[in-house]
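For the record, the sequence lines run as chains A and B. So the first sequence is residues 1270 to 1407, counted in the working numbering. So the second sequence is residues 1270 to 1407, counted in the working numbering.
Mixed in with the good hints, there may be bad ones.
Since the list can't tell identical chains apart, any single copy or any two copies may satisfy a pair.
Straight-line distance between alpha carbons at most 20 Å, and here's what the computed EDC-like set of lysine to aspartate or glutamate pairs gives [said to hold, decoys possible]:
| # | residue 1 | residue 2 |
| --- | --- | --- |
| 1 | Lys1311 | Asp1293 |
| 2 | Lys1342 | Glu1378 |
| 3 | Lys1370 | Glu1384 |
| 4 | Lys1400 | Glu1385 |
| 5 | Lys1370 | Asp1291 |
| 6 | Lys1311 | Asp1402 |
| 7 | Lys1311 | Glu1399 |
| 8 | Lys1400 | Glu1378 |
| 9 | Lys1311 | Glu1301 |
| 10 | Lys1317 | Glu1271 |
| 11 | Lys1380 | Glu1398 |
| 12 | Lys1342 | Glu1271 |
| 13 | Lys1380 | Glu1271 |
| 14 | Lys1342 | Glu1354 |
| 15 | Lys1342 | Glu1384 |
| 16 | Lys1370 | Asp1387 |
| 17 | Lys1360 | Asp1388 |
| 18 | Lys1360 | Glu1341 |
| 19 | Lys1317 | Glu1385 |
| 20 | Lys1311 | Glu1398 |
| 21 | Lys1342 | Glu1385 |
| 22 | Lys1317 | Asp1363 |
| 23 | Lys1317 | Asp1285 |
| 24 | Lys1360 | Asp1387 |
Keep in mind the hints are simulated off the structure, nothing from the lab.
Number of protein chains: 2
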Amino acid sequence: METIGFHYVVEAAGCDEEILQDADRIRRIFLEAAKAGSMEVKASYFFKFSPTGVSGMVIVAESHISIHTWPEKRYAAIDVYTCGETADPEKAVDYILDAIKAEYAHVSEIKRGIEEDDDTFTHMILTWEEKLDRKNGK
Amino acid sequence: METIGFHYVVEAAGCDEEILQDADRIRRIFLEAAKAGSMEVKASYFFKFSPTGVSGMVIVAESHISIHTWPEKRYAAIDVYTCGETADPEKAVDYILDAIKAEYAHVSEIKRGIEEDDDTFTHMILTWEEKLDRKNGK
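Please model the complete structure; the sequences and the hints are all you need to start from.
Dropping the structure here:
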């Protein structure tokens, strides 16, 4: 597989508090997100913190997606990183933000594995903010 | 756990080709790295690609560490992300870079989960490059 990959580092705010504390639901959302992003799932692991919060990860053939949630803050830290040309990581990010009902996202897109002439590798970062419309009860 | 966390996004170059294709060895290195960084391991998953390359991940109570390798390019994409004040993610990064004998690293340190006055969250990024001395047969 080529080294070039796209890694989305996302701070999602204003999310649904109940969803963020439901490990089973987060797992289902992540497996669907992998499907939406055309990724091949290899393994997944999710667990609930005591008293609150969920951590989880799906390893896909193309790399990985992960989440760590703070329900009481309506905040989730999300990563979606895929290599190769078949996966569509942005679709997975959009699916997750929609499913956890995020109202706001601070996103950095990191283009990784850029090969230089001297056999080193670098990455490039583009950062933006998204205000997400949830007016229609989405 | 507090939302603030430090996420190291690392492109490691000039690594040892044999180590990068040995899933068992990479797993041992990652479990040791978690220990070096004072993290509590919850689960780990590593697998070998055909014909070459390893993907793996350790979920720790404080968040996660992951690697994806391209042995033929002597390149590995590494993530170390921890929240809370007990873990020391930089020690884990240093342990991994040393163990896979990286000669060069392009690193972004992302301070995540920064809470703003309007209940949104952002992150801040600092990027640098490291030339690592392996002259003593390390």
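(message) Hints numbered earlier in the text: which of these fail when held up against the supplied structure?
(response) 2, 6, 7, 17, 18, 19, 20, 22, 24
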